[in-house]
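Quick note, the sequences are listed as chains A and B, same order. Counting from 1, position 450 in the first sequence corresponds to residue 1034 in the working numbering; the numbering is continuous, with no gaps. Counting from 1, position 493 in the second sequence corresponds to residue 1077 in the working numbering; the numbering is continuous, with no gaps.
For the record, the hints were derived by calculation from the structure and aren't laboratory data. Computed from a predicted structure; not experimentally measured. Honestly, I wouldn't trust all of these hints.
Since copy identity is lost for identical chains, a pair holds within one copy or between any two.
Derived pair list, reagent style SDA-like, types lysine to any residue, alpha-carbon separation capped at 25 angstroms [claimed, not checked]: (1) 854 <-> 831; (2) 955 <-> 870; (3) 918 <-> 945; (4) 854 <-> 873; (5) 1033 <-> 633; (6) 955 <-> 627; (7) 1029 <-> 719; (8) 952 <-> 847.
2 protein chains.
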Amino acid sequence: MTVIKTEIRRGAYFDSAVLMKLQRSLLELPGVQDTGVVMGTDSNKDLLEHIHLLSPEAATARPDDLIIVVSAEDAAAASAAVGKVDELLAARRPSEDTTRRPKSTEQAFKMLPEAGWILISVAGRYAAAVARQALRDGKHVFLFSDNVLVEEEIALKQQASAAGLLVMGPDCGTALIGGIGLGFANQVRRGPIGVVAAAGTGLQHVTARIHQLGGGITHGIGTGGRDLSEKVGAVTFRQALDLLSRDPQTKVIVLVSKPPAPGVAEEVLKLARQAGKPVVVNFIARANSATRLDNLYFVNTLDAAAELAVELAEKGTGEAEPELGLERFAPGQKYLRGLYSGGTLAYEAQHILTGYLPRVYANAPINKELKMPNANISQEHCIVDLGEDEFTQGRLHPMMDNDLRIRRLLEEADDPSVAVIMLDVVIGFGSHPDPASELAPAIEKARAKAQAAGRFLEVAAVVTGTDTDPQVLQSQIDQLKAAGVWVSTSNEAVVRYVGRLLRALEGAAMVKSPFKPVDLASLEKPLAAVNVGLESFAENLAAQGAPVVQVDWRPPAGGNERLAAILERMKQS
Amino acid sequence: MTVIKTEIRRGAYFDSAVLMKLQRSLLELPGVQDTGVVMGTDSNKDLLEHIHLLSPEAATARPDDLIIVVSAEDAAAASAAVGKVDELLAARRPSEDTTRRPKSTEQAFKMLPEAGWILISVAGRYAAAVARQALRDGKHVFLFSDNVLVEEEIALKQQASAAGLLVMGPDCGTALIGGIGLGFANQVRRGPIGVVAAAGTGLQHVTARIHQLGGGITHGIGTGGRDLSEKVGAVTFRQALDLLSRDPQTKVIVLVSKPPAPGVAEEVLKLARQAGKPVVVNFIARANSATRLDNLYFVNTLDAAAELAVELAEKGTGEAEPELGLERFAPGQKYLRGLYSGGTLAYEAQHILTGYLPRVYANAPINKELKMPNANISQEHCIVDLGEDEFTQGRLHPMMDNDLRIRRLLEEADDPSVAVIMLDVVIGFGSHPDPASELAPAIEKARAKAQAAGRFLEVAAVVTGTDTDPQVLQSQIDQLKAAGVWVSTSNEAVVRYVGRLLRALEGAAMVKSPFKPVDLASLEKPLAAVNVGLESFAENLAAQGAPVVQVDWRPPAGGNERLAAILERMKQS
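So that you can see chain A by itself, here it is in the shape it has in the complex (with noise of 0.2 angstroms):
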């Protein structure tokens, strides 16, 4: 007949690894058939409860109470086993050179002065306490702890980043420092990668297979999964981006998070498009309508963000950016006229310049909103699908007949606020026999038109078509080309060329980081740290050759909280 006997300790305070080697003894004990050692929260009862170990005695535990579960054969066996229970507490480091183990982070620090860094893995109810004293020694931040408040994250995190620290957590499970990893980390080769995470196994797994791959990273730093929320705002995200992009040795950067809040995300990706590297970004599940944005790169799991990385690290993106050859152009000049032809072409190019340009009217809009009050009066930055039915009642195709195009090109010209002219040419079976030789005519009356007035303007345009059409391609090419176009057959590279043109006229802001500057070189120099919480962290720093100091940490005032918090005060004071 199975006996199950619990035994409550109040107020008890032991590290979790202690309680699993606990509960492991326990079971060895003869008799013995299964064991609980748990702190008394709801869910731990619960758990009890599920697995039958549930006496109505531990339902009365708190959650600062250790709920102790032995059931065995009988009440003989049970009994001896919780009998042991202090025994086997006291014999758990026999070997343990006490000399070696501060009580305080303070004499930890002055035991090691080159320690930059401090990992804490205590209880989360103690932990911002701590991270705020190693804050105030100027000292980075691993916060392995969970179950931190919200406000206390926000609080550590202005302080850090008025002082030019990170945070990294609360709730961080992993970090790479300099090839050191922190807390649970992969043994990753170092190497021209950067990781950003807002999520710990998303840190390791993509640092993992970058290893995997053949690749290696600089640093990987963990921000916690609350980090990129509304409230907290992203404050360790954009530090850590910020830092791989001055990074000289990281080439390429990856961000992982689960879908951040919409303007946190806007943020983010801000700042990533002007690290003046590959940012593959991969915010897991959010929806993205577009795989590229110049050095932006989305993704959508952990596997292709690590062989994306990997690519761009080792063959780079493949492309040299055309010059933007912004001085031609006259102050005033800034909006982009479209003129196209075919419809799904103009409705792409609206689709891409979202990426650049906050918005583009068109006669045929992505959205409504956007939509010209007439066709034929161009507003802003606008596209024209001259395609469309209000244009071809009763009248022939652009691609067939080009007067109206023309028309409206000229007409654009003598626009002193327009700097662009986008239009496509299709050529093929239907289309005009040989229309650049029509339309480059009349764009070099247009760019002269513009000269004349003290303007540049810039006129690029997609030819679509084959070397075997009637009207062949790279004629067609040449004729536009000898008119001075920017010419392209790949649609989506005209309109992103265009698209950095006319951002690059708007002169978009740069963001610039409202935080301190995080020093580059504390991230370089041989890592050093202390230790407080789970032993095996400071065991898996010296295991890596970084200097560790572990604190022998007992919660203030014996556990108790309010005399803590008194305490705490006094010592900010």
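Given the structure of chain A, go ahead and fit chain B onto it with the hints provided.
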């Protein structure tokens, strides 16, 4: 002094090509400065006004009226030009062989009995009647005309799909059938890629790019831009997709459209999923939260669609799909239980599974309606992240302590509805020193329990780590494989395998096309057609070596639409 002279021809019908030629001829007359020759629609009148050619007289014209406006140096020149209109219209075809010009489509099909197609480009208000008659005659319809009512489109497509015929359009600019271009089309080589497009220049641009990249096309089927609307319901798009799926020459399919109505997109993608070949999907501007879903590949630009299609046609998908071994499972086994230690891996798994399963519950769900009421009690498909706060208060993280996961694993193995257990094994510093040494025996035990009960339990695991981690990646993989686990280092690969397996176990219903299948042979036999409308379309077919008869079409009942409607009703009865 500029003089403007206007002439209105009431109720006159002219082919738009004729009007363009007239306009150009008038421009060449002495003293003429500008001309406008258009039907009197509101948008054409707006346009005349915009270019300062709209006289008060022209402003009164109705859509059926032809407006001829001439601006000239003086009244004499203007009058002389307008006086020439009849002569210019009469002179337009001196060398025409009128014996080849039947007056009706019926006569035309008698002259060219092998013609399986009709091309229609007459004014929209006349087009549906012509199409209706051709469908009755068993012909596929290429309907270039725009300004056709959506109700007409629905009726035509209903008629066509019941008869195994295609109506491409209205407003279908282009098609490529067996190497022959219809309407506006580029000359592209034949090859293994089939395209379906609700976007005219989309089809042209994609096929031209495929040709430029060295690829080729089986068929390019246009549907008209409205086909994927809720009202029309993608009738032609689905017929075409079904056709290309059955076509053994087509190895890769490309789908191009502006974003379809959401329900319609779902239907189309369901059908595409069972195509049995790779399908590249470009629903321009539609946001995708995945770039891949089994045989579906999502891209966002026409250029990317072309590039990927050529790559897939040349190299294949580069993967052999793993065998599912469905016969191993007992009836009733259908559910997934995910037991994760890594939160991000669990989250990504849920995200990827949205493409496979209607719903997957979780304790940390990707959307809150899918939250498990109690994380200790599994329900249907569910994924439990054992590293969530609720499991780690005063307890070690499951990466360190396998106890909780092993308990749960054995419990799930007893559930007769469970088919698959999916889990992660994350190694590295901080993690358990040899997790597989505890997990593998537990998995063997779980599988044995299921087997003893006459069931088969599939266990699939992602292992995250490196060869230099203390636990050694390969050692973990080997131990798990020895326990019969399906293992990969890619989370995506594991989840996709599991997704496919569960989808197959649920017996995901095949979508049956509700339409009479279009006969593949009708597209493969040498194309011959009757053309009604723009003569250049007939000329282009002839230039491509396709037999064609041009109909000398005039509006029925001399353009009197009431009378024409009565005549058509008489014909139908």
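For each hint, the structure was consulted:
In this assembly of identical chains, the alpha carbons of residue 854 and residue 831 lie at most 25 angstroms apart only when taken from the same copy (18 angstroms versus 46 angstroms across copies). Taking the closest pair of Cα atoms, residue 955 and residue 870 come within 25 angstroms of each other only across two copies (19 angstroms); inside a single copy the shortest separation is 28 angstroms, beyond that limit. Taking identical chains as interchangeable, the C-alpha atoms of residue 918 and residue 945 lie at most 25 angstroms apart only when both belong to the same chain, with a minimum of 14 angstroms there against 51 angstroms between chains. In the homo-oligomer, the alpha carbons of residue 854 and residue 873 lie at most 25 angstroms apart both inside one protomer (17 angstroms) and across protomers (21 angstroms), since each shortest distance falls under that limit.
Taking the closest pair of Cα atoms, residue 1033 and residue 633 come within 25 angstroms of each other only across two copies (24 angstroms); inside a single copy the shortest separation is 84 angstroms, beyond that limit. In the homo-oligomer, the alpha carbons of residue 955 and residue 627 lie at most 25 angstroms apart only across protomers (16 angstroms), although the nearest pairing inside one protomer, at 55 angstroms, exceeds that limit. Taking identical chains as interchangeable, the C-alpha atoms of residue 1029 and residue 719 are never at most 25 angstroms apart, the minima being 66 angstroms within one chain and 49 angstroms between chains. With identical chains, the CA atoms of residue 952 and residue 847 are at most 25 angstroms apart both within one copy (23 angstroms) and between copies (21 angstroms).
Consistency note: the structure conflicts with earlier hint 7 alone.
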